[in-house]
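Could you put together the complete structure from these sequences and hints?
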Amino acid sequence: MNNKIYLLFFVVAFTTLYGQVGINTPDPQATLDIVGDPSNTLKLDGVIAPRLRGAELAAKTYTAAQTGAIVYVTLAAGTLTGQVINVSAPGYYYFDGSVWKSIGSGSGGSTTLNTGTGLNVSGSGATATPYNVDMKPAIKFMYMPSISINTSAPGIALTRNLYGEYTAQFGTPSAQNPGSAGAPIPVFAATDLNYYVTYFDPAVFANVSITDAGTLNYDVIGSATSCSFINVVFVLK
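Okay, so the sequence shown: first residue is 1 according to the numbering used here, each after it adds one.
Calculated directly from the structure, the hints in this document are not laboratory data.
If you're wondering where the values come from, they're calculated on a predicted model, not measured in any experiment.
Treat the hints with care, as some may be off.
Now the in silico label distances, taken between C-beta atoms and shown as ranges [stated by the list, open to error]:
id, residue 1, residue 2, range
1, V233, G78, 38 to 48 Å
2, N86, A213, 36 to 46 Å
3, S223, D192, 33 to 43 Å
4, N217, Y143, 47 to 57 Å
Positions of the beta carbon are idealized from the N, C-alpha and C atoms, including for glycine.
Next up, the structure:
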């Protein structure tokens, strides 16, 4: 009888003493407190999470009871579906209760937002300054730089290399502000653009078309007036 009482007391005492576990410290400050040994170069500090391949992780079914679990994936899952839909590369992953998500690495990260979505960014330090950024759709088109087209005489099956005119003007601007320090204007490849003629004067031009390379085809059927023009738009693919 005494032995049983003593054993019960020992178990209770053990639970009380080790409610918090410390490694290399007699005074743990959390549920698990691990103190490294930096002075001992032969002892490699660190905590290693369970390591397994993506396929091995996919073979397991986790539930909400495992929310917060952390693993290190050594090889991406072969099929990105189900709970491992995000396991596309080696690294640390945590289980959010439904799927595994990458913890990431380094001091930065990236977030993909749909255009038109508001983004709130808060600062850090003694004073947190909020910044609201409205994510607008990126501008993906521009008007063709102005050029003159000779309409002094009628002509059939005429051509004009609009892409060449664009690169020539952007490559050698006539003037630029001192603050630009000679920085070039970005120029897109011809294959990166779609070309549109949004308007032309039908009294001056006919059979207007444009090729995938940015060459304008047209006929001149009349003389231009002060209000005659063609609008050409470049759209980034």
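List, from low to high, the hint numbers that the structure doesn't satisfy. Hint 4 contradicted; others consistent.
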